[in-house]
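**Q** Chain by chain, the residues:
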Amino acid sequence: MANLSISTICSLNCPYCFTADYLDDVPDGRRFMPLDEFDARLDFLDRSGIDEARLLGGEPTLHPDFPALVARALDRDKRIVVFSNGLMPNASLNSLADAPADRCFVLMNINAPADNGSAVITRQIEALRRLGERAMPGFNIYRPDFDLGFLLDLIEQTDCKPSIRLGIAQPCLSGDNRYIHPKQYRFIGQQIAAFTPIAAARGVTLEFDCGFVRCMFTDQEIQTLHDANANVGWRCNPILDVDVYGQVIQCYPLSRLGSLPLTPDIDAPALRKTFEARTGAYRHAGIYPECAICPFKASGECSGGCLAATIRRFRHSPFELVFRQESAP
Amino acid sequence: MRNIFAVPIRDQILIYAPLHNLAALVSPTLALRLRDLLASGEPAGDGPLGELVDLLRDEVTEPAPLQGEFVPSALGLLPTRGCNLACRYCGFIASEETQFVMSLEMARDAVNWYMDQVQRSGAPHAEIHFFGGEPFCVEAVIDLAVHLAQRRAAEIGCTLRFEVATNGTFSEARCYWTADNLDTVVLSFDGPADVQNLHRPYKDGSGSFDAIARNARILSEGANSVYFRACITEATVGRMPEIATWFCQEFRPDAVSFEPLQPTPWSDNAGLVPPDPWAFAHNFIAAAQILEAHGVRPVYAPAEIGARQVTFCPVGKDFVIVAPDGVLTACYLLRGEWEARGLDLRLGRMNTDQNGAVQIDPEAVESIRGFNVHNKLFCAGCFARWHCAGGCHVNHILGSQPGDYDRLCIQARIIALYNILHAMHHDELAHTWLQDHAALARSVWQASDRLADRDGTL
Amino acid sequence: MSTAARVRCAPGIVWVKDTGRALLVDGETGRLWALQDADALTWELLSMGYKYTDLVRMLALLLTLSEDETSAVLDDTLARWQAAGIVLAAGDSAHG
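These protein sequence lines are chains A, B and C, in that order. In terms of numbering that gives the first Met the number 0, the first sequence has 131 at position 132, counting the first letter as 1, and numbering is strictly consecutive. In terms of numbering that gives the first Met the number 0, the second sequence has 184 at position 185, counting the first letter as 1, and numbering is strictly consecutive. In terms of numbering that gives the first Met the number 0, the third sequence has 70 at position 71, counting the first letter as 1, and numbering is strictly consecutive.
No lab work stands behind these hints: they were computed from the structure. Ideal placement from N, C-alpha and C gives every residue a C-beta, glycine not left out. Check before you lean on any hint, since a few could be wrong.
As the list claims (entries may be wrong) - Below, a sample of chain A positions facing chain B; criterion: calculated Cβ distance under 7 Å:
(1) Pro143
(2) Phe145
(3) Asp146
(4) His180
(5) Gln183
(6) Phe186
(7) Pro288
Given these sequences and hints, build the entire structure.
**A** In structure tokens form, the structure reads like this:
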């Protein structure tokens with residue numbers, strides 16, 4: 000998989016946004032991917048054997064040529080996946096609503112109503128209603144006092160796909176965004192486990208984004224999640240992000256580890272291999288000290304959490320020591 | 000029936016039997032019926048009342064003072080009584096005890112002795128606490144003790160836990176080390192800059208806020224547990240909810256302990272006054288709700304209803320604290336404080352001239368085990384007796400008459416009752432009760448909470 | 000005669016303390032070292048900025064070695080780490 004970033008601007012300013020480092024570092028000027036570069040992006044997907052065009056931003060639907068991008072991707076036999084906040088211009092919304100349902104999917108990230116206000120949630124509900132089965136809500140947990148209940152009402156109101164994609168806000172390497180610290184995971188896990196049967200009773204299933212860890216749930220809670228058909232996983236698979244300048248980063252939270260240019264001959268596996276060589280050593284650790292002796296991490300069942308959160312545990316110690324060396328008289 | 004208590008909560012009676020792990024809300028009539036049935040031994044029949052009677056007739060064992068062979072339950076090390084701060088309420092700065100600094104050899108010998116005791120007793124767990132003054136004023140002692148104990152624990156095959164009580168003004172490198180190595184860091188942190196700098200300045204008068212805030216952020220990122228301990232005065236009691244919110248937004252503590260100011264001559268001189276206990280209890284509860292919503296544990300230690308203990312602190316728990324001059328004590332307060340109350344809390348001493356040999360005085364052990372709530376008759380009728388156990392043996396002066404409750408008793412009773420109702424999921428009742436001043440006063444001022452002592456007016 | 004040498008942590012080295020080890024990564028090359036036991040202990044104390052004599056004294060107490068033995072062990076450790084690129088020479092100054 001690879002994500003194509005087509006916009007650096009967004010209509011919201013979510014405190015947990017994991018593009019914080021990237022947007023701080025990116026040169027000013029280019030707000031959108033130029034339309035004439037999109038074919039080269041699709042060529043990259045083709046030679047990488049990727050059949051999805053995953054569009055993200057910023058807010059991707061703000062791209063002035065968004066309908067044309069969707070049309071081109073569909074012409075190239077791609078399935079469209081859009082990561083949106085739901086505040087879409089009409090033309091963008093129409094282009095997605097008119098796309099074949101089996102080739103279009105919108106993950107709409109929705110914050111708690113108190114965070115964005117009623118005008119925002121009203122527009123998000125309208126967009127979900129228009130998109131129906133093409134869309135499902137996503138919710139990023141960025142503080143411990145969260146409540147998912149409103150999403151169940153929202154799903155019933157809109158007839159969208161009856162699932163909730165749950166993410167745990169992860170840190171950028173700078174830590175400048177809001178995120179959940181691993182020591183808070185257990186508390187978060189308890190709340191998710193308590194919510195799961197409530198959601199299931201209303202026909203709603205949960206899907207986990209990357210960055211969850213197994214030990215944030217008890218065995219009994221994991222059984223509860225399975226019983227409710229939740230799609231759980233304890234993975235961290237950085238998905239390549241191609242930015243509006245044609246630079247590839249390992250994933251947004253890791254943007255400060257550097258980028259590689261998207262050259263005409265390179266494909267996703269080669270890029271991934273290069274990035275993994277840079278960061279593979281950090282994978283020996285996890286988000287907790289105990290990850291070093293965890294059988295689930297050793298077996299690969301659990302990744303040990305988000306790589307960015309893991310790397311943030313490392314530090315440089317600038318010590319200097321004067322010592323003696325024996326030498327011949 | 001002596002461990003079954005009945006406390007009025009508005010128009011209901013809270014039947015509380017901590018040793019039965021039981022709490023129930025009943026009508027006053029039912030409470031009297033319950034009392035009579037328990038006293039008479041008559042059959043109670045079927046139904047909820049019968050079930051309650053059956054449960055309360057179960058024999059329970061009261062927590063008992065330690066007896067028999069002395070096995071240290073934990074080791075406390077006082078690297079120094081000195082400190083780099085001059086907190087306005089603290090008397091340590093004026094104490095002669097600050098001149099002593101623990102040597103590395105003493106720390107080594109103390110740890111080796113303690114780990115030998117753990118090995119000999121077959122205990123599966125060892126625990127070492129660091130107190131001060133400010134223990135990190137003598138960092139090498141802590142480094143030595145931690146690394147030595149870790150090596151010894153690995154040899155013995157026991158688990159090991161470290162805890163430190165610190166002012167948190169150490170260097171960034173030390174802060175990372177602390178986050179890496181110490182399981183629990185109890186950070187004295189009184190709140191936002193204006194409060195922290197007023198209460199807890201450096202000796203030169205400059206504020207300590209910037210250093211502690213930086214380190215609290217680093218510790219928040221660590222894997223260890225971080226407890227903030229905030230001293231509350233009359234001036235800050237109304238700000239407790241604000242302080243709780245600020246702690247949660249700015250940091251990630253695991254727990255926040257609010258402690259009302261313990262007045263001292265130094266706090267008097269600084270114009271710092273203890274909070275009104277009723278206001279403290281109300282604001283603690285408001286702050287607790289904020290903390291809990293963020294997954295942070297609120298702590299007011301005397302009202303911890305999970306505790307079943309005969310003594311509130313290390314005293315009487317066979318906890319050995321090594322002072323920098325080699326005196327072994329049961330209490331981490333300044334020796335001068337307990338001596339001024341006519342108490343002797345020494346357990347023995349380390350003889351540094353005899354290869355660190357440790358001498359525990361058996362008579363002192365027996366005497367110190369006698370500091371327990373069984374010997375605090377004032378507490379006999381209080382529903383919270385197994386939780387707060389009468390509080391600090393040095394500073395909490397108990398009343399002479401039943402019901403002669405002081406500030407600590409008042410706030411502990413209110414908060415403990417709230418905690419019980421909260422645990423029973425009766426939050427709505429709890430809040431109505433807290434707003435009903437007359438009802439609250441009836442709950443607090445009851446001279447004996449024992450069900451057996453309740454008369455027909457219950 | 001002995002010479003005084005100065006070593007410093009290589010600038011690309013970052014590390015973390017995990018259960019039972021200190022894990023060092025060279026952020027530039029991706030090389031990895033997992034230090035254990037006395038090596039991990041030495042690394043931790045170095046990271047705290049211990050001076051040589053204090054470090055020797057501390058390690059001697061912890062490893063139950065004489066200070067001379069500890070000094071030899073420490074010098075050997077530093078030489079190994081210098082060869083591995085974990086620490087770098089930071090300017091020599093000879094004295095007799």
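**Q** Checking against the hints above, which ones are violated?
**A** The structure conflicts with hints 2, 3, although it agrees with all the remaining ones.
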